[in-house]
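So the sequence shown is numbered by this note's numbering: it starts at 516 and just counts up by one.
Derived by calculation from the structure, the hints in this document are not laboratory data. Wrong hints could be hidden among the right ones.
When the alpha-carbon atoms are kept at most 27 Å apart in a straight line, the in silico BS3-like pairs for lysine-lysine are as follows [as the list claims (entries may be wrong)]:
no., residue 1, residue 2
1, K527, K724
2, K724, K712
3, K660, K527
4, K527, K712
5, K724, K660
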Amino acid sequence: MSLPSPLSLLAKAPVVPVVVIERLADAVPLARALVDGGLPLIEITLRTPVALEAVRAVAAQVEGAVVGAGTVVERAQIEAALEAGATFLVSPGTTPALAEAFAALQVPVMAGCATASEAMRLFEMGFEVLKFFPAEASGGAGFLKSIAGPLPHLRFCPTGGIGPGNVMDYLSLPNVLAVGGSWVVPNEAIRSGDFAKVHALAAAAATLKRAATFA
516 MSLPSPLSLL AKAPVVPVVV IERLADAVPL ARALVDGGLP LIEITLRTPV ALEAVRAVAA
576 QVEGAVVGAG TVVERAQIEA ALEAGATFLV SPGTTPALAE AFAALQVPVM AGCATASEAM
636 RLFEMGFEVL KFFPAEASGG AGFLKSIAGP LPHLRFCPTG GIGPGNVMDY LSLPNVLAVG
696 GSWVVPNEAI RSGDFAKVHA LAAAAATLKR AATFA
């Protein structure tokens, strides 16, 4: 079964900012700083009361932004996120019910997994690119490197514990298309309105080289 693929989205940049919006007013300037810095793919996590409105605001007001909803853990969030303007969805893990709901969608999904068995089951359902989460706690780059041989068809966007010190451990792997990270959107910068810092971090992240191909 062929499902909508995140491949073309992930080809846009090596890092997907994982964003937690506490104040709705921060959403648009933060997204503009990321897009202008070269990171157009933005995952807004559904962890706060204003998250859906933040998705809506970025989708409507930030030219060049490709906004998605992360931390999708139940069916009800899917419809709400898509209605708000999310163009892709990301889950931290994937229950059978959630996988079934994702498989019926016409938008790209990065379904979450933490083990080889979970990844194999999702691939059997047609999911082409998977979120590996929590990456560092689940074996890190070493785990992804070890399964590349026996499972060469699996490709990942790892998230969780990734930052400037280890990002290239992941991006140097041929089965890693991009990484998700929050280091480009530090909480202190958002709280203080220092979006110039976010822009600088995004610009640095956008230049990172990756070994993966997108053919």
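Hints versus structure:
Only pairs whose Cα atoms come within 27 Å are accepted, and K527 paired with K724 is accepted, the gap being roughly 12 Å. Of the supplied pair hints, the one linking K724 and K712 holds, its CA atoms being roughly 21 Å apart against a limit of 27 Å. Straight-line distance between C-alpha atoms of K660 and K527 comes to about 23 Å, which keeps the hinted pair within the 27 Å bound. The hinted pair formed by K527 and K712 meets the criterion: a straight-line CA distance of about 21 Å does not exceed 27 Å.
With a CA separation close to 17 Å, the supplied pair K724 and K660 stays within the 27 Å bound.
Hint violations for this structure: none, all hints satisfied.
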